[in-house]
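As they're listed, the protein sequences go chains A and B.
FYI, my numbering numbers position 116 of the first sequence as 662, with every residue one higher than the one before it.
FYI, my numbering numbers position 320 of the second sequence as 866, with every residue one higher than the one before it.
Please keep in mind that the hints were generated in silico from the structure rather than gathered at the bench.
For every residue, glycine included, the Cβ atom is placed at its ideal position computed from N, Cα and C.
Hints may be right or wrong, so weigh each one.
As the list claims (entries may be wrong) - Not everything, but these chain B residues come out facing chain A in the computed CB check (under 8 angstroms):
| no. | residue |
| --- | --- |
| 1 | Cys-563 |
| 2 | Leu-617 |
| 3 | Lys-819 |
| 4 | Ile-824 |
| 5 | Ile-831 |
| 6 | Lys-871 |
| 7 | Ser-920 |
| 8 | Tyr-929 |
| 9 | Met-961 |
Protein chains: 2
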Amino acid sequence: MNTCISNGFIITADKTCSTMNGCVHVTDDIITYVGAEKDSPAFAAYKTIDVNGGIISPGFVNTHTHIPMNLFRGFANDLALMDWLENAIWPAEERLTGDDVYWGSMLGMAELIAGGVTCFNDMYNFMSDTLRAANETGIRGVIGATIIDFGKSIDERLAEADDLFAQLADNERVNAAIAPHSEYTVSDDSYAKLLKSAEKHNCRIHVHVSETKGEHEGCIERNGITPIARLNSLGVLDLPTMAAHCVWVSDSDMEIMADKNVGVMSCPQSNLKIGSGIARVSKMIDSGITVSCATDGAGSNNNLSMMEEMTLLAMLQKGSNYDPKLIPAKTALQIATINGAKVIGQDDIIGSLEVGKQADIIVLDTTGPRYCPSANLLNHMVYSGNDSDVVLTMVAGEVLYENGEFNRLDINEVMSKADSSAKKLLG
Amino acid sequence: MNTCISNGFIITADKTCSTMNGCVHVTDDIITYVGAEKDSPAFAAYKTIDVNGGIISPGFVNTHTHIPMNLFRGFANDLALMDWLENAIWPAEERLTGDDVYWGSMLGMAELIAGGVTCFNDMYNFMSDTLRAANETGIRGVIGATIIDFGKSIDERLAEADDLFAQLADNERVNAAIAPHSEYTVSDDSYAKLLKSAEKHNCRIHVHVSETKGEHEGCIERNGITPIARLNSLGVLDLPTMAAHCVWVSDSDMEIMADKNVGVMSCPQSNLKIGSGIARVSKMIDSGITVSCATDGAGSNNNLSMMEEMTLLAMLQKGSNYDPKLIPAKTALQIATINGAKVIGQDDIIGSLEVGKQADIIVLDTTGPRYCPSANLLNHMVYSGNDSDVVLTMVAGEVLYENGEFNRLDINEVMSKADSSAKKLLG
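The following block holds chain A by itself, in its conformation from the complex (with noise of 0.2 angstroms):
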């Protein structure tokens, strides 16, 4: 099905982030043009989209999730990281089931979708509830199968992910990682199983790592070195690598990220939310490292909005180190596109708007007051725009949301399921 997607503000969020007015054609689920109008090729188009001078992006790559935690969103907030954990999301998670699993992922995969995120990277348990749903709305997204030493065994555990790994063997738009929780969580010997199980599965590793200030530090009273030195010494490193948070990260240790090409996920919401802190973003790239943007789950977040995110980690860095000029607008959309696709590993079929990659593309209105004056468009998008702005969500070349419908699901089925399971599981 062909679409040509006409008369918007382009940002391509390729090398130089170019913008220019112009339209997209869409073969299939490839990206077959991009550019002023009078220049496109003649296109048999089955549907034409007139955006009315709205802006045409690349669709958000959200690069740390958990996105069944939507069923947890305000039930418990303002607590410290282990009162919250302990006393209000591990008795909850208890009593989980896949079901809740599935309709917490679908509660999520809309509100991503409604906030222009095309592809996600989670890490949860019950990975196939999960890629039911992903397979129902249509989003693309990495599924992290969860490592983790506490309930299941590490052999149970790989052989889950063995699991994951066979369902997705076809499937177009969902892959699949190995992810261990922590440096804190994991032993010696499941990191050596479980590198042994991405090696086969050919795929990356998901990590959070250095968190907070009391785990970093933890890790070296424990093991003498800090948490990336520990991960880098058990060769984890040595297979390609995304890092959530790194908040207390060393200067040594982006040296470390930097030589081994680990992508950092930042989550600068949920890290001020639970009191961890500011990620050193700015360093880290000037590190040579690559980062994108996540929203981690709406347990300590509490939504899933890139729009808000790529805002906050911009302005964190400049306030945080009284230095305005820092991560310009261009370069925060960079990170929540272009460079969460590199993180992933996904750079050369999504995060641009360039021919030949897959057709992952959004639309965002213009005609509001926030993106009044009318000059400046990328600028509005990035420090006046809000979730709301998003008008349509294209996967593959499909539309999965277009003015407020959702094409694939019944999104008020969806919230009332996932309301009972919350009150189910909260109890």
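Following the hints, put chain B in place on chain A, whose structure we already have.
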């Protein structure tokens, strides 16, 4: 005209910030009932608005704005402060006319009203034109008569202030303040004169204080004391004073501010974006200071969203102090409503939903995915919501905005005129 706003989740923002399911009765411009439907007295409502379980909250009080600067939204970003001022803002401001200010104010007020702000506290030039816009849009506000030793003489400025106060004699929604720009842009002699004027008009003082490190330390270098200490020595703080920013105030400044009952307008987003830093809001509150929050102008924010500001204020205190318990959701909501009313000296008439107060009320739609699961709506409003949730804004019992429609202004005309002004100013 009597209105019943029914079937809502009421957030009172009163002393205990109690919440309940119920309805609010509005008789003419006054709140006459807040509580459960079943306990409500007989009421002959001209209009009943069923909000379908939505949130009924007091409108936000945005305590530090430069509303006409909406014309400069996105004009220049990611620049150092003096570069931004000297090469972008000031040259454009030299070309400003009263009509530009009027259309910029109309645009800003439209954005405020659509985002649930029922009262602003402004500081800019061409005050009569901002007043004209306020009278037309129906928003409540305080207009600061700006005093700065630049361009006009102090006597000319104070004559303009007299003129502004004269225009406001019978105005029920708008009043005025005397607004010396800052410690460093107004001489001792000018301060002496403006204090007499403020006493004559029995009004408050609105002033920028210790926004940047350079400003704070420059004052100490020149005068041997901090800006707060200097304002105190000049007698400014003997009048009711509203201090914007206060990012760099010292512990001893806080003692003076608490003693003199100085109200603070914290602008977290602007302070980050310009690279000023993070105000020590929790410490100020612990010191006994009333802290409100505000957007600053759209030139340095880049929007006028109080939903964003209250969230960011809470998040920043948690993150920068490594303590997630700081500024819980209820406190954030109070900072954005009743504390704002206190800072501008109007908490006897606005800022909370209490019988006898002015009916400055907003309604938020809670039927979208960001408000699911359905428990903890107050937390969702603070941590998951955004401006687009606002579906009704009422000032003094009058509905100014409902379901995306403005009752008093033609938003397309406003945007078109503001856009033309911006194009002209920005050359």
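Going down the list of hints, with the structure as the test:
At its closest, the beta carbon of Cys-563(B) sits 13 angstroms from a beta carbon of chain A; the interface hint therefore is violated under the 8 angstroms criterion. With a least beta-carbon distance of about 7 angstroms to chain A, the hint placing Leu-617(B) at the interface is held under the 8 angstroms criterion. Checking Lys-819(B) against chain A by beta carbon gives a least distance of about 6 angstroms; that is within 8 angstroms, so the hint holds. Interface hint status for Ile-824(B): upheld, as the beta-carbon distance to the closest one in chain A is roughly 6 angstroms, under 8 angstroms.
Interface hint at Ile-831(B): violated, since its Cβ lies 15 angstroms from the closest Cβ of chain A, which is beyond the 8 angstroms cut-off. Restraint check, Lys-871(B) versus chain A: the minimum CB separation of about 6 angstroms is within 8 angstroms; hint holds. Among the interface hints, the one on Ser-920(B) holds; its C-beta lies about 5 angstroms from the nearest C-beta in chain A, closer than the 8 angstroms criterion. Using the Cβ-Cβ criterion of 8 angstroms, the hint placing Tyr-929(B) at the interface with chain A is satisfied: the shortest such distance is roughly 4 angstroms.
At its closest, the beta carbon of Met-961(B) sits 5 angstroms from a beta carbon of chain A; the interface hint therefore holds under the 8 angstroms criterion.
Consistency with the previously given hints fails for numbers 1 and 5, ordered from lowest to highest.
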